[in-house]
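Novice: Chain by chain, the residues run as shown.
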Amino acid sequence: MTAPGGISVSARDLTRRFGDFVAVNRVTFDVRRGEVFGFLGPNGAGKSTTIRMLCGLLAPTAGEATVAGFDLRTQAESVKTRIGYMSQRFSLYEDLTVEENIDFFGGIYRIPSGRKRERKEWAIRMAGLSDHVRTRVAHLSGGWKQRLALGCAILHEPPILFLDEPTSGTDPISRRSFWDLIYSLSGGGTTVFLTTHHMDEAEYCDRLGLVYRGELVAMGSPRELKDGFPVERAEGIAPTLEDVFVSLVEGMDRAAGPVAEVRG
Amino acid sequence: MKARRLLAVSGKEFLHVRRDPRSLVLAIAIPVVLLLLFGYVLTLDVDRVPMAVWDRSRTPESRELVSRFEGSRYFQVAQRAEGYPEVEEALDRGQVLAALVIPEDFAGKVRSDRSSVVQLLLDAAEANTATIALGYAEAVVSGYSSDLEVRWAHAKGLQGIRPPIDVRSRVWFNTDLESRNFIIPGLISVIMMIIAALLTSLTVAREWEQGTMEQLIATPVTAPELILGKLLPYFVIGMMDLVVAVAMGKYLFHVPMRGSLPLLFGIAAVFLVGALSLGMLFSVSTRSQFPASQMAMAFTFLPSYLLSGFVFSIDSMPPVVRAITHLVPSRYFVKVIKGIYLKGVGLGTLAVDTAPLLVFGAGLLLAATRMFRKKLG
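Sequences listed follow chains Z and U, in order.
Going by my numbering, the first sequence opens with residue 94, and the numbers climb by one from there.
Going by my numbering, the second sequence opens with residue 114, and the numbers climb by one from there.
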């Protein structure tokens, strides 16, 4: 279910303060249905805070947001039925087995009994854990935990998926198969909102928001960002996203300049 | 509230308990150990007080007095003394708790119907035991004394004379005056309160500490589903503890059970919900296992031990303390459980004490649910 016009997530001047510290400062953006939208920025830029607000885990200090057409301020609990959320820590129950974790989230999301078995088998297969159904999660490697956490978060086939640093602490092969899955979900119409601080990973997103010190400093597709901000490099070498990001951030630090934005 | 979500939470919580040796020990082993310890160690009965006797009279009369002490179940003549130094030493060393000194002229005075005096020395370092022993000793002596009076009157030809007042006492409810019979039921309520509150004090806090709560509050699960779902397995454990405790009371300590067992379990269930909710309230409000368990301990152990009337009679407390006991749920349950065990009373009589338990249970459960916030920070 999405809002009219194919907008899944919409934020207007979304702000969150912790005391005097402004973690997220008047952030405005839209995420279209089926899009893979990435928030790129260093640690402490306000990426997690934004994702937590959008999932209804943190109340915004100011501003507005709608997720799946529900107002975050008044309908946070309705939002929670339409989203999947995977936190940085892959918050699974370590003392429970793979199967028990899946069954628990299946019960919490009240997956219809007709679909339950099919979804469970799908999650196990997707995570590559067919041989470890009765293994306790504590004994799994980082990559397996990541895929199991993802499986648990999308067991109920939510139209919107929020992933906070989904590939932190996993190896390159796990990362590759993870992105294959993200693309197949997105191809099926699922909106994916994720945060990352890996520049190479950001290249895989349909659109990106560059965040720094709580502010959205630029927004656009990786191509647009690279074309729109000419960066001086040695002749014949195309600028990377990292070059764009660094030059923007340096400019900001020098002048505390205005927010740049590229509209696609 | 959806049953499916509630059961999912319960099932998961049950698995946590089964996999965690720490909570298994807390749930099952500690109640058994506490019952064994308290059941065997904590006895308030004064039985066979060791005493020393210095009989300076050495007459049939003095020997009869001594044999009356020996004949009662409360005293045991442990030492025959010759002189005060010996009596003193026995008391100092703690070999005896009491000493009886019968003067040389005892028989002479008794025979000639003049008042005689015997001396009783007591070790009052244990004030409670000394007081009780003193009472028993006075009863032994005055019993002998009035028998002598009657004998003397008969000798004078005054037939049919009897002591003017004769107490015929009947001991009710705990006919053997066995302190264990009221300690075990009271202990059951103390154990249930402490264990239940401790177990639940950890449960929500653990999820906050381990980060799984962040995942959980991003799902549609509601506060009542989560709180009730988490209570359910601990409720089952608490009732199992009660079954074990009642069985130990019956088969190990032979505590008579006069009332209705279903009634006991019914009211215990209400009490248990209150105790579990109290621990849950601490867990929800602190979001941290250590302070939550400390609070659960502080708010259950001393109040339910000291202020519940489990051992220490509420009637003999100062008015201020007595007023405070009304806020201690254990107070009501101790009365209920003793009433059922010792007096065999029914719900009609127990309603007065069951009503506050219902209020505590419902109030604390509601408070824990209301305090739970599906938000970070």
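Incorrect hints may have been included.
Claimed, not checked - A few chain Z residues facing chain U, derived, Cβ under 8 Å:
id: 1; residue: Phe114
id: 2; residue: Phe122
id: 3; residue: Asp123
id: 4; residue: Ser184
id: 5; residue: Leu189
id: 6; residue: Glu193
id: 7; residue: Arg203
id: 8; residue: Pro205
id: 9; residue: Phe271
To be verified - Computed footprint of chain Z on chain U, listed as stretches where at least three residues anywhere in the stretch have a Cβ under 8 Å from a Cβ of chain Z:
id: 10; region: 331-341
id: 11; region: 444-453
Stated by the list, open to error - Calculated lysine-lysine pairs in the BS3-like style (CA-CA distance at most 30 Å, straight line):
id: 12; chain 1: U; residue 1: Lys487; chain 2: U; residue 2: Lys448
id: 13; chain 1: U; residue 1: Lys115; chain 2: U; residue 2: Lys488
id: 14; chain 1: Z; residue 1: Lys213; chain 2: U; residue 2: Lys222
id: 15; chain 1: Z; residue 1: Lys209; chain 2: U; residue 2: Lys488
In short, the hints are calculated from the structure, not lab data.
C-beta atoms are modelled at their ideal positions from N, C-alpha and C, and glycine is treated no differently.
Novice: Which constraints among the numbered hints does this structure fail? Numbers only, ascending.
Specialist: The structure breaks hints 1, 2, 3, 8, 9, 11, 12, 14; every other hint is satisfied.
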